[in-house]
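Q: Since the structure of chain A is provided, determine the placement of chain B on it from the hints.
Number of protein chains: 2
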Amino acid sequence: MEKFDSKGRLYVISGPSATGKGTLCRRLLQKRDIELSVSMTTRTPRKGEIDGRDYYFVDKESFKSLWEKGGFLEFAQVFDNYYGTPRAKVEESLSKGRNVLLEIDVQGALQVKQEMSESILIFILPPSIDELKNRICGRATETEEQIKKRISKSVDEISQILHYDYYIVNDDLDEAVAKLTSIIDAYDSKIYPDLAKEIINFYK
Amino acid sequence: MEKFDSKGRLYVISGPSATGKGTLCRRLLQKRDIELSVSMTTRTPRKGEIDGRDYYFVDKESFKSLWEKGGFLEFAQVFDNYYGTPRAKVEESLSKGRNVLLEIDVQGALQVKQEMSESILIFILPPSIDELKNRICGRATETEEQIKKRISKSVDEISQILHYDYYIVNDDLDEAVAKLTSIIDAYDSKIYPDLAKEIINFYK
Numbered sequence: 000m001e002k003f004d005s006k007g008r009l010y011v012i013s014g015p016s017a018t019g020k021g022t023l024c025r026r027l028l029q030k031r032d033i034e035l036s037v038s039m040t041t042r043t044p045r046k047g048e049i050d051g052r053d054y055y056f057v058d059k060e061s062f063k064s065l066w067e068k069g070g071f072l073e074f075a076q077v078f079d080n081y082y083g084t085p086r087a088k089v090e091e092s093l094s095k096g097r098n099v100l101l102e103i104d105v106q107g108a109l110q111v112k113q114e115m116s117e118s119i120l121i122f123i124l125p126p127s128i129d130e131l132k133n134r135i136c137g138r139a140t141e142t143e144e145q146i147k148k149r150i151s152k153s154v155d156e157i158s159q160i161l162h163y164d165y166y167i168v169n170d171d172l173d174e175a176v177a178k179l180t181s182i183i184d185a186y187d188s189k190i191y192p193d194l195a196k197e198i199i200n201f202y203k
Numbered sequence: 000m001e002k003f004d005s006k007g008r009l010y011v012i013s014g015p016s017a018t019g020k021g022t023l024c025r026r027l028l029q030k031r032d033i034e035l036s037v038s039m040t041t042r043t044p045r046k047g048e049i050d051g052r053d054y055y056f057v058d059k060e061s062f063k064s065l066w067e068k069g070g071f072l073e074f075a076q077v078f079d080n081y082y083g084t085p086r087a088k089v090e091e092s093l094s095k096g097r098n099v100l101l102e103i104d105v106q107g108a109l110q111v112k113q114e115m116s117e118s119i120l121i122f123i124l125p126p127s128i129d130e131l132k133n134r135i136c137g138r139a140t141e142t143e144e145q146i147k148k149r150i151s152k153s154v155d156e157i158s159q160i161l162h163y164d165y166y167i168v169n170d171d172l173d174e175a176v177a178k179l180t181s182i183i184d185a186y187d188s189k190i191y192p193d194l195a196k197e198i199i200n201f202y203k
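Line by line, the protein sequences are chains A and B.
Per numbering that gives the first Met the number 0, numbering through the first sequence is continuous, rising by one, with the last residue being 203.
Per numbering that gives the first Met the number 0, numbering through the second sequence is continuous, rising by one, with the last residue being 203.
Since the hints were made in silico from the structure, they are not lab data.
Among the hints, a few may not be true.
Identical copies carry no separate label here, and so any pair may be met within one copy or between two of them.
Straight-line distance between alpha carbons at most 27 Å, and here's what the computed DSSO-like set of lysine-lysine pairs gives [as the list claims (entries may be wrong)]:
| hint | residue 1 | residue 2 |
| --- | --- | --- |
| 1 | Lys30 | Lys95 |
| 2 | Lys152 | Lys203 |
| 3 | Lys95 | Lys2 |
| 4 | Lys46 | Lys63 |
| 5 | Lys112 | Lys88 |
| 6 | Lys68 | Lys2 |
Bound conformation, chain A alone (with noise of 0.2 Å):
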């Protein structure tokens, strides 16, 4: 129990794929008190998805309504279905000072940060390319074609690094979650308006 509250903030993870985001998120979420956003998709669940959990799944409809009405923090459409993260539910959590967790590709990062500016955007690297190409070639699931044209996508959203707060080289899982862990962290003991008026009060 803290003696301050610390304010909710938005902390989105993302990254190339294949540099087990899922996995650090998965292990944050055992260590912090954090709340995982859920996306909203339109797609069909698959065997054992939950509705709530994995995913809010609705009707093209509902989503292209609440897509009109700005209800998103990110939209994506991959082939004939749409993605996106609901907006409230997140801004909910915040003004509750809870913080809060995204896990979402580059493209969906950098939209959040233009919808809010004081996310942090946190990236996770793969050791190196060659690395990402041996995990990417693990899966056994695609064509060499299909890699390659994975590991040039990877390529280009390291490039929109500049834009993230913080990197970490997912090398050592443990590290990597100990890293992810000291951000969030840190952020709990940072100084703002509401928070230096409320400990001036307190020591009066």
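A: Coordinates of chain B only, in the frame set by chain A:
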């Protein structure tokens, strides 16, 4: 060993006296590779004090001459003596990418922030004013009048907290050390333009 060099940063630890700043700094120095900035003073060394470790002991002429050249990041006169943080040593360490730790009073910290806007100011708070009073009384070297003055000075110092970047309530020492370490570790993951270029080149 990190893959990318982090930037050397100046961490300024300050806050009212009797909040345990010194102990916190010693613990941090045991845990992290960070240079402690040594102050310069014109007062005579006390028994056991070593020049260059506890202070740089100099005469008034040398101190004044360095001060006239803008050679201090902060400076104070206490009765007949001068105290200050020599700028050159700090700047040299930072330029080599080394982190530097400075433990000084609130007045000094605010001077440092003006001289080096990138420095990171961390305010150490007592658990409460009553607890601060206990700690000061525990030293049993001061009159009631002196204690009152010190408490009032502490309250004045706390009123400057808005100019600081982080705060740590030093209630449980281990927790306070962990918070301080998180702040420094988080900065080691922070992205800045030169680092972004280095990263982009590495993954090209």
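Q: If a hint holds in the structure, say so; if it doesn't, say that too.
A: So, going through the hints one by one against the coordinates:
1. In this assembly of identical chains, the alpha carbons of Lys30 and Lys95 lie at most 27 Å apart only when taken from the same copy (20 Å versus 35 Å across copies).
2. Proximity of Lys152 and Lys203 under a CA criterion of 27 Å is satisfied inter-copy only: 11 Å between copies versus 55 Å inside one chain copy.
3. Taking the closest pair of Cα atoms, Lys95 and Lys2 come within 27 Å of each other only inside a single copy of the chain (16 Å); across copies the shortest separation is 38 Å, beyond that limit.
4. Taking identical chains as interchangeable, the C-alpha atoms of Lys46 and Lys63 lie at most 27 Å apart only when both belong to the same chain, with a minimum of 25 Å there against 77 Å between chains.
5. In this homomeric assembly, Lys112 and Lys88 come within 27 Å of each other (Cα to Cα) only inside a single copy, at 17 Å, whereas the closest approach across copies is 38 Å.
6. Taking the closest pair of Cα atoms, Lys68 and Lys2 never come within 27 Å of each other, the shortest separation being 39 Å inside a single copy and 44 Å across copies.
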